[in-house]
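Asks: Residues per chain, in single letters:
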Amino acid sequence: GQNIDQPTEMTATEGAIVQINCTYQTSGFNGLFWYQQHAGEAPTFLSYNVLDGLEEKGRFSSFLSRSKGYSYLLLKELQMKDSASYLCAVMNRDDKIIFGKGTRLHILP
Amino acid sequence: ETGVTQTPRHLVMGMTNKKSLKCEQHLGHNAMYWYKQSAKKPLELMFVYNFKEQTENNSVPSRFSPECPNSSHLFLHLHTLQPEDSALYLCASSQGTGGSYNEQFFGPGTRLTVL
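Residue numbers (the working numbering), protein chains in the order written: chain A, 1 to 109; chain B, 1 to 115.
Source of the hints: derived by calculation from the structure; they are not laboratory data. Check before you lean on any hint, since a few could be wrong.
What the hints assert, rightly or not - Here are the simulated lysine-lysine pairs, DSS-like style, with alpha carbons at most 30 Å apart:
no., chain 1, residue 1, chain 2, residue 2
1, B, LYS52, A, LYS81
2, B, LYS41, A, LYS57
3, A, LYS96, B, LYS41
4, B, LYS18, B, LYS41
5, A, LYS81, A, LYS57
6, B, LYS40, A, LYS81
7, B, LYS40, B, LYS19
8, B, LYS19, B, LYS36
9, B, LYS40, A, LYS96
10, B, LYS41, A, LYS101
11, B, LYS41, B, LYS22
12, B, LYS36, A, LYS81
13, B, LYS52, B, LYS36
14, A, LYS81, B, LYS41
15, B, LYS19, A, LYS68
16, A, LYS81, A, LYS101
17, B, LYS18, B, LYS52
18, B, LYS36, A, LYS101
19, A, LYS76, B, LYS41
20, A, LYS57, A, LYS76
21, A, LYS96, A, LYS57
Build the full structure now, drawing on both the sequences and the hints.
Replies: Written out as structure tokens, the structure reads:
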């Protein structure tokens, strides 16, 4: 079967750093996406990883280890507007995208 | 308009009604998608169209019928739906269907309630 696991909810403090983990088991691997979704809004693209390592984009970074079936999204200098759900999505060998259930991140002042 | 637009934004329908959801993308993309998002469930891919041809039907019941007349427009025709079909229906588009070309741009969604 194909499975994407990520924590259901996390809480962090404004100005801090938080790491959201994602593990996956899919039929092949052609890339991993992270999306941000604010309540009542559409998901928006954050990052794409296909090779092992860290991709940095401003306050957000995404890491991938294909051998471990593992990725994380790192958010630095947290702001209140970062309160949202973060969706991990994996593209399998057929280029089909499978989404995880999402991690709801709460930011406390 | 820019990006991906969807109409209507909200829809309430009875189980015997027939309605259609519309999606339009202004990004020059070649692939379009329908997703269903229910509470506490992951985004579920329903259909994929690439260059107007359906390339994926993720075991969706026949009461959902997609139509893609061209690369910019996608419809989801609904008939004899069930209350459990109530959800947010998201349309997305991407430049292509492989690698980074599969970066999805989502519309705002249609919140569907079936009574």
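Asks: Against each hint, give a clear statement of whether it holds in the structure.
Replies: Structure-based check of all given hints:
1. B:LYS52 / A:LYS81: Violated, at roughly 37 Å.
2. B:LYS41 / A:LYS57: holds (28 Å)
3. A:LYS96 / B:LYS41: holds (18 Å)
4. B:LYS18 / B:LYS41: It holds: about 26 Å lies between the C-alpha atoms, which stays within 30 Å.
5. A:LYS81 / A:LYS57: Judged against 30 Å, a Cα distance of about 17 Å means the pair holds.
6. B:LYS40 / A:LYS81: holds (22 Å)
7. B:LYS40 / B:LYS19: Roughly 26 Å separates the two Cα atoms, so the pair holds.
8. B:LYS19 / B:LYS36: Distance of about 16 Å is within 30 Å: holds.
9. B:LYS40 / A:LYS96: holds (21 Å)
10. B:LYS41 / A:LYS101: holds (6 Å)
11. B:LYS41 / B:LYS22: Holds, at roughly 23 Å.
12. B:LYS36 / A:LYS81: Judged against 30 Å, a Cα distance of about 25 Å means the pair holds.
13. B:LYS52 / B:LYS36: holds (20 Å)
14. A:LYS81 / B:LYS41: holds (23 Å)
15. B:LYS19 / A:LYS68: violated (45 Å)
16. A:LYS81 / A:LYS101: Status holds; Cα separation ~21 Å.
17. B:LYS18 / B:LYS52: holds (23 Å)
18. B:LYS36 / A:LYS101: holds (12 Å)
19. A:LYS76 / B:LYS41: Measuring from Cα to Cα gives roughly 27 Å; hence the hint holds.
20. A:LYS57 / A:LYS76: Roughly 11 Å separates the two Cα atoms, so the pair holds.
21. A:LYS96 / A:LYS57: holds (25 Å)
Hint check: violations occur at hints 1 and 15; the rest are consistent with the structure.
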